[in-house]
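If you read the sequences in order, they're chains A and B. If you number the first sequence the way the working numbering does, the last residue is 253 and the count never jumps. If you number the second sequence the way the working numbering does, the last residue is 414 and the count never jumps.
Since the hints were derived computationally from the structure, they do not count as laboratory data. For clarity, every value in this text was computed on a predicted model and none was experimentally measured. Ideal Cβ placement from N, Cα and C applies to all residues, glycine included. Errors might be hidden in some of the hints.
Unchecked claim - Lysine-lysine pairs mimicking DSSO-like chemistry, simulated, CA-CA at most 27 Å apart:
1) A:K54 x B:K111
2) A:K56 x B:K159
3) A:K170 x B:K166
4) B:K412 x A:K170
5) B:K412 x B:K300
6) B:K159 x A:K54
7) A:K170 x B:K111
8) A:K155 x B:K166
9) B:K111 x A:K56
Claimed, not checked - Stretch by stretch, here's where chain A covers chain B in the computed footprint (C-beta under 8 Å, at least three residues):
10) 174-183
11) 189-199
12) 299-307
Each chain, written out:
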Amino acid sequence: MASVVLSVTLSILLLVSHSLFAQDSSVQALAILDKVDNLWRGESSYSNLTMRVKTKNYQRELNMESWSLGEEYAFIRILSPIKERGTVTLKSDVNIYTYLPKTDRTIRLTAGMMSGSWMGSHFTNDDLVKESQLSEDYFVQYEHRGQSEFGEIYKLTLIPREESAVVWGKIEIEVDAQNYIPIREYFYDEDGELVRVISFHDVKKLGDRLLPVRMQVVPQDEPDEYTEIVYRSIEFDVPIEQGFFSLANLRRR
Amino acid sequence: MYFELLVMAWRNLMRRKRRTNITAVSIGFAVFLAITFTGMGDDSYKNMINTSVKLGFGHVTVQASDFHLRPTADKYLRDVNKLYEEIVGQPGIEHAATRIITGGLVASAHKQVGGMLMGINVAQETPDINLFQQAIVAGRWLAPEDSRVAIIGVGMADKLNINLGKKLVYTITDVDGEIVSDVVRVVGIFDTGMLELDQGQVLLPLRFLQHTLNYKNDQATLIGIYIEDHREAEQIRDSLNESIIVPDGEILSWQQSQSELAGMINVDRGSNQILQGLVGLLVAAGIMNTMLMSVLERTKEFGVLLAIGMSPIKLVYLVLWESIWLGLLGLMLGIMICIPWYYYMDRVGIDFSQLMGENASVAGVAIDPVIHLKLYPETVTTILVGVFLFTLLASLYPAIRAGRILPLEALKEL
Chain A
1 MASVVLSVTL
11 SILLLVSHSL
21 FAQDSSVQAL
31 AILDKVDNLW
41 RGESSYSNLT
51 MRVKTKNYQR
61 ELNMESWSLG
71 EEYAFIRILS
81 PIKERGTVTL
91 KSDVNIYTYL
101 PKTDRTIRLT
111 AGMMSGSWMG
121 SHFTNDDLVK
131 ESQLSEDYFV
141 QYEHRGQSEF
151 GEIYKLTLIP
161 REESAVVWGK
171 IEIEVDAQNY
181 IPIREYFYDE
191 DGELVRVISF
201 HDVKKLGDRL
211 LPVRMQVVPQ
221 DEPDEYTEIV
231 YRSIEFDVPI
241 EQGFFSLANL
251 RRR
Chain B
1 MYFELLVMAW
11 RNLMRRKRRT
21 NITAVSIGFA
31 VFLAITFTGM
41 GDDSYKNMIN
51 TSVKLGFGHV
61 TVQASDFHLR
71 PTADKYLRDV
81 NKLYEEIVGQ
91 PGIEHAATRI
101 ITGGLVASAH
111 KQVGGMLMGI
121 NVAQETPDIN
131 LFQQAIVAGR
141 WLAPEDSRVA
151 IIGVGMADKL
161 NINLGKKLVY
171 TITDVDGEIV
181 SDVVRVVGIF
191 DTGMLELDQG
201 QVLLPLRFLQ
211 HTLNYKNDQA
221 TLIGIYIEDH
231 REAEQIRDSL
241 NESIIVPDGE
251 ILSWQQSQSE
261 LAGMINVDRG
271 SNQILQGLVG
281 LLVAAGIMNT
291 MLMSVLERTK
301 EFGVLLAIGM
311 SPIKLVYLVL
321 WESIWLGLLG
331 LMLGIMICIP
341 WYYYMDRVGI
351 DFSQLMGENA
361 SVAGVAIDPV
371 IHLKLYPETV
381 TTILVGVFLF
391 TLLASLYPAI
401 RAGRILPLEA
411 LKEL
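Isolated chain A (complex conformation) (with noise of 0.2 Å):
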């Protein structure tokens, strides 16, 4: 009896400990995640980008410029090839806009649409609406320090939290551990499968901030393709409106 009290008694122990220390590690996890999140992330922001697409079919080159405001609001116009000019995307809260010029249409996509691919990408329309705080949908499970081609890294695992609605089965960041700038986040389903992993490069100071201006997202089922999105400039805190982010701005653009 009293040796079943005393295991008991134990195994308690032994696991208030390891949450406690689980605890612990997962707020320096949280803290280090949250630094990650605000990195481009202004109260308002303005920036000039350019997208690369390969696929096995083509291969395309966009410019765009883009402003958004919070979480909430985005506004991409694409600049170049001259046949898409003036192709508007609008995020505003949960919704997304296009507008296309050439037949001045505005279309709201519909829950349907949000599969489709992003301008060709390999972003989809879900994907723009999606890219929540991570922190909200994810528990930051495992932190460890250690040492990689890139120096210093932290490197966090994020489970999912039950109830959001994310299709992941886990997320691993590769935190360089002196900027916290992320260096790679590899995607994986619930078999642990990896899916995508979208890599960070060329770290240069843009505006006021130290950024990897350079971000490439690769299918693991079609290795060969990639999407590249590469900032040429951005500003943060620029002064402008919720106004801007409405559907009569689509078309004075």
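With chain A's structure known, arrange chain B on it following the hints.
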């Protein structure tokens, strides 16, 4: 009607037994063909309709107005629980089930596909009214306490590269037109054999889908009503329309809610009837030929009858009576062929699975590869009366011809 001619007509027929038999067989064959064609058609229509209604809408649908034309989440029924109680209390209604139907996007880590989501109240569902419940091949069916779970088809599991226990994220448009997502875990997988369904249908607990869509507990898309005989759908709809009030809603028969299927069936039935009409014409031409022959070869005989004072009208009736006897003989023969045939087709049927291939469906509805006969009493009556009338009609001209015989001319013949 000159009933005294009855016996005489019969004797006339029996004088030429072989010709009578051949003609009777051809009438019997017409009956057989009509029974087979109509029976096969009705059987496949019955199967298609009963399969189609089990996909969600029911034989009779109580739904938010115009939902079947533009299925969006802002169209819903209020007070469905009260409505459900009222409906199941009505005569002629076997089952009913409250459902939410909405389209959206279904995603796993690997892929995203478009799909139809159906929220169901497990307590109201049975395998008899829900095709998917019959078709579970892995995992389990939904349970009343389920919340964050889903049942998907084999095709979708394959496409999304997921299995039992794995999660699935769906994105739909909610009651206010906002895009919303939720995550569920797969607890069961069905295989209906219909490609579109197996790749595109997701079943969820009604409560949970209500929660995602921002519906209240007593709001749903529709109530599907199931009845014994699909042909009574319109009648049940009309009587429901009189006995219950559906605020902002309407009551449809399956012909309205599944108009694509109804249209297809009508076209098929129409072409079937044309075909049967043509076969009927051929048989009628044969009968006319036989009767005309038998009248012409008896010209002298009829001439004598007229000469000794029989009225021409009696001759007309005589020939008509002969054709009536012939028709009745043919019908008897037809019935004699059809009874064992029907018995066989009902028990065994003809297996067409070799010819149809893997995924046999019409207008999205699977067809049973084994063909049976479905005979409704009124169909049989219509066919029998129809064939009999055809026989009578075909002998009208020979009969009139007999009445026009001039005794003097007739007697001159050999």
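Against the structure, the hints come out as follows:
no.	hint	verdict
1	A:K54 x B:K111	19 Å, holds
2	A:K56 x B:K159	20 Å, holds
3	A:K170 x B:K166	13 Å, holds
4	B:K412 x A:K170	108 Å, violated
5	B:K412 x B:K300	8 Å, holds
6	B:K159 x A:K54	23 Å, holds
7	A:K170 x B:K111	16 Å, holds
8	A:K155 x B:K166	26 Å, holds
9	B:K111 x A:K56	18 Å, holds
10	174-183	holds (count 6)
11	189-199	violated (count 0)
12	299-307	violated (count 0)
Checked against the numbered hints given earlier, this structure breaks hints 4, 11, 12; the rest are met.
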